[in-house]
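Novice: Residue numbers (the working numbering), protein chains in the order written: chain P, 1 to 133; chain Y, 1 to 597.
Possibly wrong hints are sitting among the right ones.
Said to hold, decoys possible - Cross-link-like lysine-lysine pairs, in silico, DSSO-like; alpha carbons within 30 Å at most:
#1 Lys335/Y - Lys18/P
#2 Lys581/Y - Lys18/P
#3 Lys12/P - Lys248/Y
#4 Lys132/P - Lys145/Y
#5 Lys3/P - Lys145/Y
#6 Lys87/P - Lys88/Y
#7 Lys248/Y - Lys3/P
#8 Lys338/Y - Lys11/P
#9 Lys132/P - Lys489/Y
#10 Lys50/P - Lys304/Y
#11 Lys114/Y - Lys85/Y
#12 Lys335/Y - Lys132/P
#13 Lys248/Y - Lys11/P
#14 Lys50/P - Lys248/Y
#15 Lys160/Y - Lys132/P
#16 Lys335/Y - Lys87/P
#17 Lys145/Y - Lys12/P
#18 Lys88/Y - Lys110/P
#19 Lys3/P - Lys338/Y
#20 Lys87/P - Lys114/Y
#21 Lys88/Y - Lys12/P
#22 Lys274/Y - Lys12/P
#23 Lys88/Y - Lys132/P
#24 Lys316/Y - Lys304/Y
#25 Lys114/Y - Lys18/P
#26 Lys11/P - Lys335/Y
#27 Lys11/P - Lys145/Y
#28 Lys114/Y - Lys132/P
#29 Lys3/P - Lys335/Y
#30 Lys11/P - Lys88/Y
#31 Lys347/Y - Lys132/P
The hints are simulated quantities; they were obtained by calculation from the structure and are not laboratory data.
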Amino acid sequence: MSKITSLADLKKRREELKSGLDIRIKAIDPENVVQVKVAMATCGIASGAKTVMEFFLEQLERRNIAAVITQTGCMGYCYAEPTIEVKLPGQDPVVFGFVDLKRADQIIEKYIKTGELVDGIIPVNYQTIDLKE
Amino acid sequence: MSKYSMHLLVCGGTGCHASESDAIVCNLRDELEAKGLMDSVQVIMTGCFGFCEKGPIVKVMPDNTFYVQVKPEDAQTIVEEHVIKGRKVTRLLYKDPVSKESISDSKQMGFFKKQLRIVLRNCGFINPENIDEYIARDGYQALGKVLTTMTPEEVIKEVKDSGQRGRGGAGFSTGLKWELARKNKSDEKYVVCNADEGDPGAFMDRSVLEGDPHSVLEAMAICGFSIGASNGLIYIRAEYPLAITRLKIAINQARENGLLGNNIFGTGFNFDIKLRYGAGAFVCGEETALIHSMEGLRGEPTVKPPFPAESGYLNKPTNVNNVETFAAIPAIILKGAKWFSSIGTEKSKGTKVFALAGKINNVGLIEVPMGTTLREVIFEIGGGIRNGKKFKGIQTGGPSGGCLSEKHLDTPIDFDNLIAAGSIMGSGAMIVLDEDDCMVSMAKFFLEFTVEESCGKCAPCRIGNKRLHELLGQICDGKGTLEDLDRLKNMSLVIKDTSLCGLGQTSPNPVLSMMDNYYDEYVAHITDKKCPAGQCKNLMEYVVNAENCVGCTACARVCPVNAISGVRKEVHLIDSSICIKCGACIEKCKFDAIFIR
């Protein structure tokens, strides 16, 4: 990985990464595939997030669904762990709570395959700042 | 893809569930079935919307219509009017409390602006183990801006003007702290990040380090540039293995990318960060104790002055800030002091992360602007009290804080208001208590923690807290006197006044605030020998109700200490002097013949 030696360098890197064109890192355009984020803070892992993440990694491949599965930090919904966020191409992300393997299977079969929502959605109830200068 | 063209989202959170959201789902499905719409409209039960005060909630997608206080019988109207005819049901829409106008699109509702994520901006959004995702979210732009376009004095002024106060608990101005560290000349200075999160119930620092470690690294480098330091240290407790792993990954990635190390951005500025592990002592959250612990000495506080800004780690000028304080810095630099200071109250700017725990429905991590009321936090965002019980109090600031009662619910939360109410902001732990919690046992519980964690260096904290704990124990056992209450109060005040560091200066806070707000409960333990919440075992008595007892002997057989006597088919008797109040007999009795007096 090349070093960032100036602010202009960093800005260039940001733009590359933002548009998802950095093909060295991602061979596929993440905007056109299903994106699954699993909340993997200590508490998430303690309530089974690791098993859920492994399930998605294994099952999405087995069921031939093009997807990017990543881990992320705490989403703040401790009462509903494990929590995951699923973003279908061209749609707003949806957060699901209490995701055990049964619900994970439902999410793949119903939401990811057909766009049909399943129980356990956690509505977003906050705003996040945008750091744009 | 989905054949559904419309979704009806019904809140299935505990609050809405209690007000019949199940029946709403059933009725909506029945209506849709009757109209033959089951294939195009889907009814979904969701988690809590965090708007429990106006529940039950039904949200219609894709048009974002937000119906509040819906009753099961409204299902028909929603289906006939909204689903079939496309007309919104005005009487069920949320009305703006100020303008009284109905709001048809939930995106316009002020409620969803109650939580504002600045510190948690990347938590649960980016992959914390991939620096690229942080960079894509404007990561390290603030460091770049600072190094290439600002002088250290300008950075300090910006932080000072933002009005940010330290999130570790004491609420000292961050900018002022940096300024003091800058003024002291030395060949080497240190930037220290205090990640020794020790309050029971607090986990915001861990979440930030696990979810967005780079924001802290970036801020530490900015601080280093401002005060003239090239070394950063993160003091983190060894009980946080995942946070440590992710920090290590983040530090390595930042080094590989040239964002830590020598000649950052080609400006000649050098800065690197190392980790130091703590063994999880509460007192090491105090900055002088923390510094001694990093030096390999005993984790004991020393008298200030000298402040760490003059003589800290290895006797060099040192600036110590908390994780949450650092995490907000990149946002302050990029969006400006003016923006940050526009959020919050007059003397407490920006947002605060709170960890909600205890008897609350939505246990979790939230971030709200300073000035949000406790009522909004507990009953809206937090979803209210678990199992429909009654709210009794909220302990803010962990064992160093106080317990606030119902009369404080509408107090806007900020540093000064919490102190005026007899508590502190602390790190932001909030433990919610309900009607089943005994305020004497609670004070005793927090004192137990302080007694454990006192380092023992100064007498008021070492001996005083122990005595407080003993007195509270006596009251719980029904052996207290009314004079003990005066003794508790006087001793608390002396401990606060004479202790060496923040630990002892705050440890009597739970006792003082609970005695203040729940005085009657303390008196009841002493004069009536009763625990109103039914928690203090030594004040309870298990008694047989002679009318219900059929003499089946089930209780006598299950009693582990043989405290129950009686002949078959005759009324049994419990010997209180032997009974250990384990409750096994009550569980076993099929005739409701045993009760607690």
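Novice: With reference to the structure, classify each hint as holding or not holding.
Specialist: Each hint, compared with the structure:
1. Lys335/Y - Lys18/P: holds, 20 Å
2. Lys581/Y - Lys18/P: violated, 63 Å
3. Lys12/P - Lys248/Y: Holds, at about 26 Å.
4. Lys132/P - Lys145/Y: Status holds; Cα separation ~13 Å.
5. Lys3/P - Lys145/Y: holds, 18 Å
6. Lys87/P - Lys88/Y: holds, 28 Å
7. Lys248/Y - Lys3/P: Status holds; Cα separation ~18 Å.
8. Lys338/Y - Lys11/P: Status holds; Cα separation ~24 Å.
9. Lys132/P - Lys489/Y: Cα-Cα ~52 Å, so violated.
10. Lys50/P - Lys304/Y: violated, 46 Å
11. Lys114/Y - Lys85/Y: Judged against 30 Å, a Cα distance of about 33 Å means the pair is violated.
12. Lys335/Y - Lys132/P: Given that 30 Å is the threshold and the Cα spacing comes to 7 Å, the pair holds.
13. Lys248/Y - Lys11/P: holds, 25 Å
14. Lys50/P - Lys248/Y: holds, 20 Å
15. Lys160/Y - Lys132/P: Holds - the C-alpha atoms of Lys132/P and Lys160/Y are around 21 Å apart, at most 30 Å.
16. Lys335/Y - Lys87/P: holds, 28 Å
17. Lys145/Y - Lys12/P: Given that 30 Å is the threshold and the Cα spacing comes to 15 Å, the pair holds.
18. Lys88/Y - Lys110/P: holds, 29 Å
19. Lys3/P - Lys338/Y: Not satisfied, since the Cα-Cα distance of roughly 33 Å exceeds 30 Å.
20. Lys87/P - Lys114/Y: holds, 24 Å
21. Lys88/Y - Lys12/P: Given pair Lys88/Y, Lys12/P is violated - Cα atoms ~47 Å apart, limit 30 Å.
22. Lys274/Y - Lys12/P: holds, 29 Å
23. Lys88/Y - Lys132/P: violated, 37 Å
24. Lys316/Y - Lys304/Y: holds, 15 Å
25. Lys114/Y - Lys18/P: holds, 28 Å
26. Lys11/P - Lys335/Y: It holds: about 17 Å lies between the C-alpha atoms, which stays within 30 Å.
27. Lys11/P - Lys145/Y: holds, 11 Å
28. Lys114/Y - Lys132/P: holds, 21 Å
29. Lys3/P - Lys335/Y: Given pair Lys3/P, Lys335/Y holds - Cα atoms ~26 Å apart, limit 30 Å.
30. Lys11/P - Lys88/Y: Given pair Lys11/P, Lys88/Y is violated - Cα atoms ~46 Å apart, limit 30 Å.
31. Lys347/Y - Lys132/P: It holds: about 26 Å lies between the C-alpha atoms, which stays within 30 Å.
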